[in-house]
Amino acid sequence: MANLGYAECRFHRPVVPGDTIRTSSEVIGLKQNSSGKTGVVWVRSTARDHHGEVLLEWARWVMVNKRDVDAPAPDTVVPELADAVAVDDLVVPAGLDFTGYDFAAAGEPHRWDDYEVGEKIDHVDGVTLTDAEHMMATRLWQNTAKVHFNTSARVDGRRLIYGGHVISMARALSFNGLANAQPIAAINAGSHTAPAFAGDTVYAWSEVLDKCETAAPGVGALRLRLVATSGRDTTMTLRASDGKYTPEVLLDLDYWAYCPR
Amino acid sequence: MANLGYAECRFHRPVVPGDTIRTSSEVIGLKQNSSGKTGVVWVRSTARDHHGEVLLEWARWVMVNKRDVDAPAPDTVVPELADAVAVDDLVVPAGLDFTGYDFAAAGEPHRWDDYEVGEKIDHVDGVTLTDAEHMMATRLWQNTAKVHFNTSARVDGRRLIYGGHVISMARALSFNGLANAQPIAAINAGSHTAPAFAGDTVYAWSEVLDKCETAAPGVGALRLRLVATSGRDTTMTLRASDGKYTPEVLLDLDYWAYCPR
Amino acid sequence: MANLGYAECRFHRPVVPGDTIRTSSEVIGLKQNSSGKTGVVWVRSTARDHHGEVLLEWARWVMVNKRDVDAPAPDTVVPELADAVAVDDLVVPAGLDFTGYDFAAAGEPHRWDDYEVGEKIDHVDGVTLTDAEHMMATRLWQNTAKVHFNTSARVDGRRLIYGGHVISMARALSFNGLANAQPIAAINAGSHTAPAFAGDTVYAWSEVLDKCETAAPGVGALRLRLVATSGRDTTMTLRASDGKYTPEVLLDLDYWAYCPR
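Protein chains in written order, with numbering that gives the first Met the number 0: chain V, 0 to 260; chain S, 0 to 260; chain Z, 0 to 260.
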């Protein structure tokens, strides 16, 4: 029924054409909601390639319907999940070496040393969404949820845009200012805070939350908050005075990326 | 001017990337229409790969303009075409073996033995069509008929959606209920019974028309009617009381598919 | 700020999948505009493959903002550029041989000898543009100019269609009448004479400007004017009585192509 959150997502190595990916999930938590009709399920998922090597692992919690409303509530188990992947838990892909990084070819001179914790970056550009594009992107990921494809699924007749499309769009827009923050290392947390629809113009801004060195040659890590908004928000405020997300915020994503030093 | 029907379409083997396909057609029938301005032409077509091996063969009839209206009518030749490809005429691709079929990976447990002749399956999901998507799909097949691309081609300013797109969409929707009815063996008949346009929401239902065993290990064949509708028709009625197709029916396709037993 | 023109564009060899293309540009001319705020820059660009071999070279001039409005105007240098690539300067790709050209497979019988200088060809077909398609095509070329993607970039809320999409569409439409004028040899000049938007229906017509023999077996060259229009212009007039382009003209492109004799 709803995607509630992500945590402890770590990328072990980049995926390349020809990889076949298989994912398995283990239930690690359960809690019935007060209505008695729905509940929250926590799972930990692992994606492996065709050799069985881990590519990616993550935890996620979702709201689902209860199969039998009259069944007794299961014991509540809420897993402890880290607020963020610890620096020591980041997996640096084997062979990653940024000592010869070509900043001219990359198109931007900014390197790990240039970013300061607390700094905010307005990515400036915006893209207006269309139904044809978000549906095709969503099919690429084999997400067939009807709310993304069928105008009858919502009372307003609009097709809800898959959150993964908003993440991808925001990440692409962040190139303007974060061109060299390239391989994603981990996703610490993420919230889809408002729905997006065709006709919305997506902008993005980022905040540097943390930075650390790594053992790989020339490689630093940046912890970044990536915020997608509908319409440009040059104030780069995430929350209103009442503590809620401002209405234009679509996505609040917290991740680690590797960046040449 | 119009695509009137298909018959005796048999798939000899699956097509793979790198195959180059070439098709030749032989005229097997001719009949002038009573207007004297148009007529029906029957052709039998054969698609071969770059080694000359047959991939696919089919018969088809179309309405075309008469080149010289004043020319005498040709002798009428109406070919005898089978109502359906006979079970013994189905070509099982070399090496097809479903004895180790992985039903868990396929996502649905239903197997050949589970389907009954006369059973109808509501595929439930619907997809709302867009102009950008149907035009791109139509270009993939190198169909350049202007009615699909040019808003000036019809008086209502709408782009007619290529029938092949409706077939593909209905077949994809039928995964929900027929996930394991995978390789298409033959197309017995097909009618595009109403035009489709951007904004229409396509749904599909199927009827099991026949089933038979094959000599291949673990492989059964299902003869299926695949019906695409604009808007969902949970009554799964194909024809109204006057014997005509109900207005929401877009496609009535009769085919054979192989299914693990 | 604006793309003003192209000249002396020569294709050295066809590009194939797996080529990695790198382009470098040299400034060959400069002229400050009378406003003092903008100027014209002429560049000569060379695209090379990953072995360093030249694929393509061209000259181009663009209007740009002056970085420092108070700086003295640079010396004016206006390069001499050819009105058209001379026949002797065309580069015939190594191995190009049209002596065994298969006109039946190509779909049209017209050959180099059939075209006459001064002849105009109405390409007949039209395609109505959509926002989703032009944005995806523009991303393919990694053109991220916001005016193509963001409805806020223009006061009328429309997304301007990238000129490269109009060139590609017109070239594709010209297949109907010029199917065998295949490899592009050179672009002599080109003007984007009016903006295009989603909903416009693009048509094309061509004029044979020149023709010449080449040293390659069976290969002639045609110099063609390719004109894209919004709405069909069967009169195939490029300019109105006042010498300006007629309002429906979107593109006026002058190029050389090789054609079997």
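In case anyone wonders, no lab produced these hints; they're calculated from the structure. Since this is a predicted model, take the numbers as computed values, not measurements. One or more of the hints may lead you astray.
Pairs count within a copy or across copies, as identical chains cannot be separated in the list.
Said to hold, decoys possible - Think about it this way: if two alpha-carbon atoms lie no more than 30 Å apart in a straight line, the pair counts; the simulated BS3-like pairs of lysine-lysine are: (1) Lys119 <-> Lys30; (2) Lys119 <-> Lys145; (3) Lys210 <-> Lys119; (4) Lys65 <-> Lys210; (5) Lys210 <-> Lys30; (6) Lys243 <-> Lys36; (7) Lys119 <-> Lys65; (8) Lys30 <-> Lys243; (9) Lys210 <-> Lys36; (10) Lys243 <-> Lys119; (11) Lys65 <-> Lys145.
Taking the hints in turn, this is what the structure says about them:
no., hint, result
1, Lys119 <-> Lys30, "neither (37 Å within a copy, 38 Å between copies)"
2, Lys119 <-> Lys145, "between (37 Å within a copy, 22 Å between copies)"
3, Lys210 <-> Lys119, "within (14 Å within a copy, 59 Å between copies)"
4, Lys65 <-> Lys210, "neither (42 Å within a copy, 37 Å between copies)"
5, Lys210 <-> Lys30, "neither (35 Å within a copy, 46 Å between copies)"
6, Lys243 <-> Lys36, "within (27 Å within a copy, 45 Å between copies)"
7, Lys119 <-> Lys65, "between (42 Å within a copy, 29 Å between copies)"
8, Lys30 <-> Lys243, "within (25 Å within a copy, 53 Å between copies)"
9, Lys210 <-> Lys36, "neither (43 Å within a copy, 41 Å between copies)"
10, Lys243 <-> Lys119, "within (20 Å within a copy, 49 Å between copies)"
11, Lys65 <-> Lys145, "within (20 Å within a copy, 46 Å between copies)"
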